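Could you build the full structure based on these sequences and the hints that come with them?
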Amino acid sequence: MKKLCFYFQVHQPFRLKDYRFFDISCDDDYFDKKLNHEIMRKVADKCYLPMNQLLLEQIQAHNGNFKVSFSISGICIEQFELYAQDVLDSFKRLADTGCVEFIAETYGHSLSALKSPEEFKAQVAKQTAKVKEHFGQIPTTFRNTELIYNNQIGSLVHEMGYKTMITEGADHIMDWRSPNFIYSHCQHPDLKLLLKNYKLSDDIAFRFSERSWESWPLHAETFGQWVNSTAWNQEIINLFMDYETFGEHQWAESGIFEFMRELPNQIINHSQFDFVTPSEAAAQLNPVSEIDIHNTISWADAERDLTAWLGNPIQDDAFDSLYELEELVKNVDDKKIKDDWVKLQTSDHFYYMCTKFWSDGDVHKYFSHYDSPYAAFINYMNVLTDFEERVKKAAGYTPEEIKIDQGIIENFKKYLPYSVDLK
Amino acid sequence: MESKPLKVLMFGWEFPPEISGGLGTACYGLVSGLIDNGVDVTFVVPKLYGTEETDKFRLVGASDINVNFSNDHFNKNLEKVKYLQIHSHILPYVSPQEFLERSEFDVESLKIDSTFSTAKFSFGGKYGKNLLSEVSKYAVVAMQIAQDQDFDVIHAHDWLTFPAAIMAKEVSGKKLVVHIHATEFDRSGDSINQEVYEMERQGCEAADRIICVSRLTRRILINRYGIDGSKISVVHNAVVPKPAIIYPKKNLVDKKIVTFLGRITFQKGPDYFVEAAKKVLEVMPDAHFVMAGNGDMFLNCLERAAELKISKRFHFTGFLNYFETNNLFGMTDVYVMPSVSEPFGITPLEAMRTGVPVIISKQSGVSEVLNNAIKVDFWDVNALSDTIIGLLKHEEVSKQLAGDGTDEVHEMKWEYAALKVREIYNKTIDRRRSVRV
Numbered sequence: 283m284k285k286l287c288f289y290f291q292v293h294q295p296f297r298l299k300d301y302r303f304f305d306i307s308c309d310d311d312y313f314d315k316k317l318n319h320e321i322m323r324k325v326a327d328k329c330y331l332p333m334n335q336l337l338l339e340q341i342q343a344h345n346g347n348f349k350v351s352f353s354i355s356g357i358c359i360e361q362f363e364l365y366a367q368d369v370l371d372s373f374k375r376l377a378d379t380g381c382v383e384f385i386a387e388t389y390g391h392s393l394s395a396l397k398s399p400e401e402f403k404a405q406v407a408k409q410t411a412k413v414k415e416h417f418g419q420i421p422t423t424f425r426n427t428e429l430i431y432n433n434q435i436g437s438l439v440h441e442m443g444y445k446t447m448i449t450e451g452a453d454h455i456m457d458w459r460s461p462n463f464i465y466s467h468c469q470h471p472d473l474k475l476l477l478k479n480y481k482l483s484d485d486i487a488f489r490f491s492e493r494s495w496e497s498w499p500l501h502a503e504t505f506g507q508w509v510n511s512t513a514w515n516q517e518i519i520n521l522f523m524d525y526e527t528f529g530e531h532q533w534a535e536s537g538i539f540e541f542m543r544e545l546p547n548q549i550i551n552h553s554q555f556d557f558v559t560p561s562e563a564a565a566q567l568n569p570v571s572e573i574d575i576h577n578t579i580s581w582a583d584a585e586r587d588l589t590a591w592l593g594n595p596i597q598d599d600a601f602d603s604l605y606e607l608e609e610l611v612k613n614v615d616d617k618k619i620k621d622d623w624v625k626l627q628t629s630d631h632f633y634y635m636c637t638k639f640w641s642d643g644d645v646h647k648y649f650s651h652y653d654s655p656y657a658a659f660i661n662y663m664n665v666l667t668d669f670e671e672r673v674k675k676a677a678g679y680t681p682e683e684i685k686i687d688q689g690i691i692e693n694f695k696k697y698l699p700y701s702v703d704l705k
Numbered sequence: 113m114e115s116k117p118l119k120v121l122m123f124g125w126e127f128p129p130e131i132s133g134g135l136g137t138a139c140y141g142l143v144s145g146l147i148d149n150g151v152d153v154t155f156v157v158p159k160l161y162g163t164e165e166t167d168k169f170r171l172v173g174a175s176d177i178n179v180n181f182s183n184d185h186f187n188k189n190l191e192k193v194k195y196l197q198i199h200s201h202i203l204p205y206v207s208p209q210e211f212l213e214r215s216e217f218d219v220e221s222l223k224i225d226s227t228f229s230t231a232k233f234s235f236g237g238k239y240g241k242n243l244l245s246e247v248s249k250y251a252v253v254a255m256q257i258a259q260d261q262d263f264d265v266i267h268a269h270d271w272l273t274f275p276a277a278i279m280a281k282e283v284s285g286k287k288l289v290v291h292i293h294a295t296e297f298d299r300s301g302d303s304i305n306q307e308v309y310e311m312e313r314q315g316c317e318a319a320d321r322i323i324c325v326s327r328l329t330r331r332i333l334i335n336r337y338g339i340d341g342s343k344i345s346v347v348h349n350a351v352v353p354k355p356a357i358i359y360p361k362k363n364l365v366d367k368k369i370v371t372f373l374g375r376i377t378f379q380k381g382p383d384y385f386v387e388a389a390k391k392v393l394e395v396m397p398d399a400h401f402v403m404a405g406n407g408d409m410f411l412n413c414l415e416r417a418a419e420l421k422i423s424k425r426f427h428f429t430g431f432l433n434y435f436e437t438n439n440l441f442g443m444t445d446v447y448v449m450p451s452v453s454e455p456f457g458i459t460p461l462e463a464m465r466t467g468v469p470v471i472i473s474k475q476s477g478v479s480e481v482l483n484n485a486i487k488v489d490f491w492d493v494n495a496l497s498d499t500i501i502g503l504l505k506h507e508e509v510s511k512q513l514a515g516d517g518t519d520e521v522h523e524m525k526w527e528y529a530a531l532k533v534r535e536i537y538n539k540t541i542d543r544r545r546s547v548r549v
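Quick mapping for you: the protein sequence lines, in order, are chains X and S.
Number 705 marks the last residue of the first sequence (my numbering); no jumps.
Number 549 marks the last residue of the second sequence (my numbering); no jumps.
None of these hints come from the bench; they were simulated from the model.
Every value quoted in this text rests on a predicted model; they were computed, and no experiment measured them.
There's no promise every hint is true.
Straight-line alpha carbon distances no greater than 30 Å define the calculated DSS-like cross-link-like pairs of lysine-lysine that follow [as the list claims (entries may be wrong)]:
#  : chain 1 : residue 1 : chain 2 : residue 2
1  : S       : Lys421    : S       : Lys391
2  : S       : Lys367    : X       : Lys675
3  : S       : Lys361    : X       : Lys695
4  : X       : Lys299    : S       : Lys421
5  : S       : Lys367    : S       : Lys391
6  : S       : Lys390    : X       : Lys675
7  : X       : Lys696    : X       : Lys685
8  : X       : Lys674    : S       : Lys505
9  : X       : Lys675    : S       : Lys511
10 : X       : Lys675    : S       : Lys362
11 : X       : Lys324    : X       : Lys299
12 : X       : Lys374    : X       : Lys412
13 : X       : Lys674    : S       : Lys361
14 : S       : Lys367    : S       : Lys474
Coverage of chain X stretches by chain S, computed from C-beta distances (three or more under 8 Å per stretch; other residues unrestricted) [what the hints assert, rightly or not]:
#  : stretch
15 : 301 to 315
16 : 666 to 680
Note that CB positions come from ideal geometry on N, CA and C, so glycine has one too.
Here you go:
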């Protein structure tokens, strides 16, 4: 049988509150509790709770033949603890079925893999502990923030002992290859890569409720036929998407829940596919080839690269300014500073600063609570300035004295009013 | 001896606390100074916000004036407003329904219809997109005011009020003094708005006397507007005494802070401030720079600071109100005004009265009168950064400059500036002779 693998990304950032210049040194509470609470409750009621219930019912109805996997960011679990204990409980019930795999990622949904192997590993460890604490599993599959991947990141993940990793499989990355096989890292044959089938994934995640789409309205039966009609020799279809697709991005009114309620039946009873979790897929299938990815990829926007988070001057300056503090933070023993450090690394902060104005800009706007990327940037930098002050104070940092060139002072003297004398 | 106080009908566009720039501040200071000198001032603005100090000043909001269109004499003068190309929104005393039907019509149609014998005009105030239309409406209301009020001379501040002042002069036959705080060339560089330029020129032509805020501005009027220099006087601005509250520094307490405060526009040279910040940070990486204000070069400056990788030391606050401005001065170690073209520049005086040492560009009018300030060419980024470093590093120099500067600005009283303005009024209306006779 061929394999069908569902992986859902569950993530909510700690959004920053409105933080002005005049708040610097006066307020070390950076996050918008009210907004984060509101959004968590809204998404819980529209998506997490009804969808978890739906998945639970389907798992029970199909006697263990229906399986899914989740990657939940650590800071999202933290917000469940704060604002949505009911959601946490429902995920625990799913974990108890034995048909749900939890995947490892960075705790803060960060871009640390691009900047600091040490911070990256620390965050993965923290995330793993959190998953273990709540769901009783130690993840064996890894996925990096926003499916960001290159050979180097693959090596890092391999170094940590993971044998299975998830990433993007868009056309321009795959070239002539199909994402419907298992691949392996070009230097580490024992790191298996599962690649997203972006066409079928996006049919659900993006196009489902689009009335101008020729396949609207999409029924589970049709989708099952599409899955079933993939080439005879292909082995796996990976459907990777944001979990908020269900009920949040695609509203309940779009019929998305009915679709998902029927899909397991269509696949299990009417196709040559079995549901698997990522680690099962990796255990059962062999890689057809290694894959060499030099330029960093992701699952975002049309470009599938890093430009949603990094690349424009404001994103780069904010990102570099943040990681300049890493060494100092490491030497500080202060829980709040360590917590803030992780939350400030969340990729969403940099996503809000994206200035790409073509069609992807619309998606960015939907996911941002700021008026403009520049407002997001100014707010973030104000917070970062305060954070830097706190870190430096806690670390007992004293700046090194830079000797001022005598030429500067001579020039300064020339401009002094006659009444003022420089000794 | 003057038997009764001189009465001035003054037209402005803004009055504190609802102000957007130096014009409102200067008007406030000048009117206060005139009152102290025994001059009776009626100050007209398009709109009052109810937050003004009405017990101290006689303020008139144009939007509160009932304009009477049934008066023949008035309507004859109205013809003269035609050149102003009125496309006004008139808010008459009618039912809401009628108002909706008639909310847009020009002044001529109003004349024919006898049911609308009086009308009030609505004003957005400020500097919105209907600015030219507001300027025209203001002129119509000015005619009514000039007819109702008793005064000896008209005084108008900047081009927005010139059509109003010209109409007031037509109606009353009184002498007109126009006051130039900034010209279109200061605001827009060489790509000027021709309509605005024309209004400025007509205002100066119609004026019996012109007051400029600096010699720099006087030269612009002579060279670029072709105005006869013999009718232009220079009266430098002053500054009102120190605000009562000095705010203790709360933000970045142990850090050096260098401040730019003003509109972030070409005229103010904000880009030179960004470049200088980069150079300072190379030797003083812990200094902080604050750019307060708003303007069309805001994004350029923000992106440039990011390109230079100095955003964590370069902060944008947006527009600041009066209290926030003082708060910022309270924490500032050096204030910089790198203006490319600045007719006067009142903000350095405000910084100095709060005890902040200042660096100003030689291309500002205020540099004509200040002694205890560092003066550099706006384009000389090295001079700018070297003097910032010098002031930050040499506290004793900084203190001396700030102390002497504070003393200096305390002597720059509006009372003295107003005295000069009163003399100009007297000369213009030839009052002394008439009193003597």
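Against which earlier hints does the structure fall short, listed by number upward?
-> none
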